[in-house]
Amino acid sequence: DAGVIQSPRHEVTEMGQEVTLRCKPISGHNSLFWYRQTMMRGLELLIYFNNNVPIDDSGMPEDRFSAKMPNASFSTLKIQPSEPRDSAVYFCASSKMTGNQPQHFGDGTRLSIL
Amino acid sequence: TQLLEQSPQFLSIQEGENLTVYCNSSSVFSSLQWYRQEPGEGPVLLVTVVTGGEVKKLKRLTFQFGDARKDSSLHITAAQPGDTGLYLCAGAPGGGSNYKLTFGKGTLLTVNP
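Protein sequence lines correspond, in order, to chains U and X. The numbering used here numbers the first residue of the first sequence as 14 and each following residue consecutively. The numbering used here numbers the first residue of the second sequence as 763 and each following residue consecutively.
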């Protein structure tokens, strides 16, 4: 079975540019999560969707960050304009929203803002 | 804000040695998960512990949830190079917010052949 698929795997861009990260969750999973991982802060939850609806975006750092889930098989995380402090590894995860179901992570997008 | 502290932050040992890593908090969690993350990959779930005092074994790995559900430990017996990775614990607050995992910063384990 295909796992969570993220693209691109690596992104290097200059500050001020728009960055779009993409995620395809596991088929049949109705919960989707975006995380950011840095050495200083570890893994932080940015936003959580359930059945394509954003439920909790309290972790989104600033208005420069936005996320969408237009259908059950696709989500995007956009940063506009990007800044060097946004450099991190961004993970998407999905799960079945029942009980203590595990979250399945993609392999991440390593983002570097110059 | 619930925080999870993991110790040690770094651990380098020889193949065949035993080790224990810890995950501590002042908060109570409804459940606690352990993940292993390898370079260039996302975290992969190893185990979920739910009941205070629970012990789960996964081959050479033994996981324990504290009686008060505030802490957990992971013990590896006879470590192998394939055990190398970042070990993360994550706590779930319970109730309707069970999706909102709090992750520790991890223990980076290196097992040398």
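Please note that the accuracy of each hint is not assured.
Under the rule of at most 20 Å between Cα atoms (straight-line distance), these lysine to aspartate or glutamate pairs were calculated in the EDC-like manner [to be verified]: (1) X:K867 / X:E777; (2) X:K862 / U:E24; (3) U:K37 / X:E803; (4) U:K91 / U:E24.
Residues from chain U that keep clear of chain X, each with C-beta distances beyond 10 Å, as calculated [unchecked claim]: (5) V17; (6) R54; (7) R98; (8) S108.
Quick caveat, the hints were computed from the structure, so don't treat them as lab data. In this text, a Cβ means the ideal position worked out from N, Cα and C, and glycines have one as well.
Least C-beta distance from U:V17 to chain X larger than 10 Å: At roughly 7 Å from the nearest Cβ of chain X, U:V17 sits no farther out than 10 Å, so the non-interface label is violated.
Interface exclusion of U:R98 relative to chain X, criterion Cβ beyond 10 Å
holds (18 Å)
Exercise for review: Below or equal to 20 Å on CA atoms is what counts here, so check U:K91 against U:E24.
Suggested key: holds (13 Å)
>> Can you confirm whether the C-alpha distance between X:K862 and U:E24 stays at or below 20 Å?
In response: violated (27 Å)
Checklist entry - Is the straight-line distance between the alpha-carbon of X:K867 and that of X:E777 20 Å or less? => result violated (24 Å)
Assertion that U:S108 lies farther than 10 Å from chain X (Cβ)
violated (8 Å)
Separation of U:R54 from chain X, once the least beta-carbon distance is taken, above 10 Å: Violated, since 8 Å does not exceed 10 Å.
*Would the pair U:K37 and X:E803 pass a check requiring their Cα atoms to be no farther apart than 20 Å?*
Status holds; Cα separation ~16 Å.
The structure does not agree with the numbered hints 1, 2, 5, 6 and 8 stated previously, though it agrees with the rest.
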